[in-house]
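All residue numbers for the sequence shown refer to our numbering, where the first residue is 6 and numbers rise by one.
Treat the hints as calculated values from the structure; they're not laboratory data. The structure displayed is predicted, hence computed values, not measured ones. Glycine residues also receive a C-beta, built at the ideal position from the N, C-alpha and C atoms. Be aware that one or more of the hints could be misleading.
[To be verified] Label-pair restraints from in silico Cβ distances:
no., residue 1, residue 2, range
1, Pro170, Glu23, 58 to 64 Å
2, Ala92, Val69, 27 to 33 Å
3, Ala131, Met173, 55 to 61 Å
4, Ile171, Ile135, 51 to 57 Å
5, Leu148, Asp19, 48 to 54 Å
6, Ala133, Glu62, 18 to 24 Å
7, Leu28, Asp120, 19 to 25 Å
8, Ser21, Pro72, 22 to 28 Å
9, Gln59, Gly116, 29 to 35 Å
10, Arg115, Gly12, 42 to 48 Å
11, Leu28, Arg115, 36 to 42 Å
12, Ser75, Ser136, 37 to 43 Å
13, Arg18, Ala82, 30 to 36 Å
14, Gly116, Thr17, 52 to 58 Å
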Amino acid sequence: SQGQDIGFLIETRDLSDEDAFRLADLENRSRADITDYARAMSYADALERIYGGQQVEMAAHLGVSTPWLSRYLRIAALPDAIVGAFADPGDIREHHARRITRLLERAEDRGPLFDTARRIAEERVAGATISPAQVVRRLADALPEQAGPTAPPTRSFRRSTHDRPITMRERGT
């Protein structure tokens, strides 16, 4: 049996960098084989290269919310020492980055976190299998327990000693 010629219709367009990025992003969001990390790195590159660091503008052009975009950019902002603790950067999911970012908030905690990340990477090189969840758990365990939430500050007012007090606390606590 002989092969059959197949014809393709091709439409050629001149696209700006932004249009090309937006088109690729639409396609990539529907693909299951694109990791959160790869998507995050693409967004971080486009944020600087195309949108001049304007995250709100980028989100509007992509048709996504700013918080949604922030969650991916958080992955791209992880320090190399932390990324190196994972067997494959593609294993880093958005929820991992959210937890790790909270751990990195205090400058005094970064040293112990980076030391733990390096130990994890060394163990992996030596043949240990460490899941992404275990990496995050070990990073969290590297820090001393934080004191639990304290009771919000309150103030009580009453018109007279016979009235029941009205207690107020700060909003958001």
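Verification of the supplied hints:
Checking the proposed 58 to 64 Å range against Pro170 and Glu23 shows it holds: the Cβ atoms sit about 59 Å from each other. In this structure, Ala92 and Val69 meet the distance hint of 27 to 33 Å, their C-beta atoms being roughly 29 Å apart. Checked against the given bound of 55 to 61 Å, the beta carbons of Ala131 and Met173, roughly 57 Å apart, stay inside it. A beta carbon spacing of about 54 Å between Ile171 and Ile135 agrees with the range 51 to 57 Å that was offered as a hint.
About 52 Å separates the C-beta atoms of Leu148 and Asp19, a value consistent with the hinted range of 48 to 54 Å. Evaluation of the 18 to 24 Å hint for Ala133 and Glu62 yields a failure: the beta carbon distance comes to about 44 Å. Distance hint for Leu28 and Asp120: a CB-CB separation of about 43 Å, inconsistent with the stated range 19 to 25 Å. Checking the proposed 22 to 28 Å range against Ser21 and Pro72 shows it holds: the Cβ atoms sit about 27 Å from each other.
At about 33 Å, the beta-carbon gap between Gln59 and Gly116 stays in the expected band of 29 to 35 Å. A hinted range of 42 to 48 Å for the beta carbons of Arg115 and Gly12 is inconsistent with their spacing of about 59 Å. Between Leu28 and Arg115 the C-beta distance comes to about 38 Å, which sits within the given range of 36 to 42 Å. Between Ser75 and Ser136 the CB atoms are about 26 Å apart, so this pair departs from the stated range of 37 to 43 Å.
Taken as a hint, the range 30 to 36 Å holds for the pair Arg18 and Ala82, whose Cβ atoms sit roughly 33 Å apart. At roughly 54 Å, the beta carbons of Gly116 and Thr17 sit within the given window of 52 to 58 Å.
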